[in-house]
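All residue numbers for the sequence shown refer to this note's numbering, where the first residue is 1 and numbers rise by one.
I should point out that these hints are in silico values taken from the structure, not numbers from a laboratory. For glycine and all other residues, C-beta sits at the position ideal for the given N, C-alpha and C. Wrong hints could be hidden among the right ones.
[Unchecked claim] In the DSS-like style, the derived pairs of lysine-lysine whose C-alpha atoms are separated by at most 30 angstroms in a straight line are:
hint, residue 1, residue 2
1, K176, K165
2, K176, K110
3, K364, K176
4, K110, K165
5, K175, K165
6, K304, K364
[To be verified] Now the in silico label distances, taken between C-beta atoms and shown as ranges:
hint, residue 1, residue 2, range
7, R2, E51, 22 to 32 angstroms
8, E161, R373, 37 to 47 angstroms
9, G358, R170, 43 to 53 angstroms
10, N332, R86, 41 to 51 angstroms
11, F128, T168, 30 to 40 angstroms
12, R379, N280, 37 to 47 angstroms
13, Q66, S223, 15 to 25 angstroms
14, G285, V162, 16 to 26 angstroms
15, E161, V63, 42 to 52 angstroms
16, N354, E283, 12 to 22 angstroms
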Amino acid sequence: MRILVLGGDGYLGWPTALHLSDCGHEVAVADNFARRSYDDEMGVRSLVPIEPLQTRIDAWREVSGQHIRMYYGDLVDAEFTMEMIRDFHPDTIVHFGEQRAAPYSMIDRKHAVYTQQNNVIGNLNVLFAIREVDPEIHLVKLGTMGEYGTPNIDIEEGWLEVTHKGRTDRMLYPKKPGSFYHLSKVHDSHNIEFACRIWGLRATDLNQGIVYGQETPQTVRDSRLATRFDYDAIFGTVLNRFVIQAVLGHPLTVYGSGGQTRGVIDIRDTVECIRLASENPAEAGEFRVFNQMTESFSVEELAKTVANNYHGNVEVEYLENPRVEQDQHYYNVVHTGLVELGLDPHLLSNTLINSLFGVAEQYKDRVDLAAMRPTVQWRTASSPLRVQQN
Numbered sequence: 001m002r003i004l005v006l007g008g009d010g011y012l013g014w015p016t017a018l019h020l021s022d023c024g025h026e027v028a029v030a031d032n033f034a035r036r037s038y039d040d041e042m043g044v045r046s047l048v049p050i051e052p053l054q055t056r057i058d059a060w061r062e063v064s065g066q067h068i069r070m071y072y073g074d075l076v077d078a079e080f081t082m083e084m085i086r087d088f089h090p091d092t093i094v095h096f097g098e099q100r101a102a103p104y105s106m107i108d109r110k111h112a113v114y115t116q117q118n119n120v121i122g123n124l125n126v127l128f129a130i131r132e133v134d135p136e137i138h139l140v141k142l143g144t145m146g147e148y149g150t151p152n153i154d155i156e157e158g159w160l161e162v163t164h165k166g167r168t169d170r171m172l173y174p175k176k177p178g179s180f181y182h183l184s185k186v187h188d189s190h191n192i193e194f195a196c197r198i199w200g201l202r203a204t205d206l207n208q209g210i211v212y213g214q215e216t217p218q219t220v221r222d223s224r225l226a227t228r229f230d231y232d233a234i235f236g237t238v239l240n241r242f243v244i245q246a247v248l249g250h251p252l253t254v255y256g257s258g259g260q261t262r263g264v265i266d267i268r269d270t271v272e273c274i275r276l277a278s279e280n281p282a283e284a285g286e287f288r289v290f291n292q293m294t295e296s297f298s299v300e301e302l303a304k305t306v307a308n309n310y311h312g313n314v315e316v317e318y319l320e321n322p323r324v325e326q327d328q329h330y331y332n333v334v335h336t337g338l339v340e341l342g343l344d345p346h347l348l349s350n351t352l353i354n355s356l357f358g359v360a361e362q363y364k365d366r367v368d369l370a371a372m373r374p375t376v377q378w379r380t381a382s383s384p385l386r387v388q389q390n
């Protein structure tokens, strides 16, 4: 199968490309290296050093004998997007190529507008290119569980059967996103569903939980194949950040009471979910949705799990929550679709957390402590946050 991975230089795009190539698929990656430019803008860097994309591709060819093609360009450029898809003519397009951080989108008007323009217009250009080049191309789009918010009912996989005043219909599950980034993902989902319904395209929307981990069976084969490990308050995922804070002897920073519950997934399961969705495509005209998570925890539970597994003394610090979200809420997510396709999940374990401690220990000299403190506030872009007493 020919698979084009958009955003193939990123935290998840790169290991996904390696996994698909290792499974025998012909893979190409595309990127405009915007994610690397965000590091320059924010004055941060990946905890684990990452090589230039061409170096990574060359290293993969050395260790595997497999070649990955590379395209450089911006999905917001409709002509580039069209010509790339026409040139490679994939069976499947895996779309990671968007600005992925909620805090980044909430910095100010400029970052909110950039996030929505980059994500929504880029995705529209992909849809129009698929329609023009080959409507049989299967789009596998990375969404987020954050599209749903935290409703007081079970979260179904994308669709909900509703009975109202004696009549019943199947409709897209209601969305209540919590940032301009999450809103961009909702817009993407609506645009993709529309394209499937009107043009007969085929698409799988993967509403992904918070990803943790940094290594996959492919990335550990050579240090040049390493993917990003972000820990800062803008781009760092919560479990990865807690691990680094523990290693540094820094308090684990929990926002609010820590009662916010979220779905999570191991990075190894992320890449496998992409393979399963790609090898089992949606039908023509079908907008298929999977909730791509394996288990759920409150933020406080994650902090305590990290603290209990670290060999040293670890404190938990409760900060005033910079976000506008419920501290305590109902959260029950249906996530059976990918398991039915064959996913055998890696659940959060002591072994995995201890391996992350090793990664953090190896590169702890690269950490900028100030970067872990939240500075972006949802209500206003104002002063630093006040520390609450536990």
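Do the hints match the structure? See the list:
no.	hint	result
1	K176 / K165	holds (24 angstroms)
2	K176 / K110	holds (22 angstroms)
3	K364 / K176	violated (37 angstroms)
4	K110 / K165	violated (44 angstroms)
5	K175 / K165	holds (22 angstroms)
6	K304 / K364	holds (21 angstroms)
7	R2 / E51: 22 to 32 angstroms	holds (25 angstroms)
8	E161 / R373: 37 to 47 angstroms	holds (45 angstroms)
9	G358 / R170: 43 to 53 angstroms	holds (47 angstroms)
10	N332 / R86: 41 to 51 angstroms	holds (44 angstroms)
11	F128 / T168: 30 to 40 angstroms	holds (34 angstroms)
12	R379 / N280: 37 to 47 angstroms	holds (43 angstroms)
13	Q66 / S223: 15 to 25 angstroms	holds (18 angstroms)
14	G285 / V162: 16 to 26 angstroms	holds (21 angstroms)
15	E161 / V63: 42 to 52 angstroms	holds (48 angstroms)
16	N354 / E283: 12 to 22 angstroms	violated (43 angstroms)
Going down the numbered hints, you'll see the structure goes against 3, 4 and 16, while the others check out.
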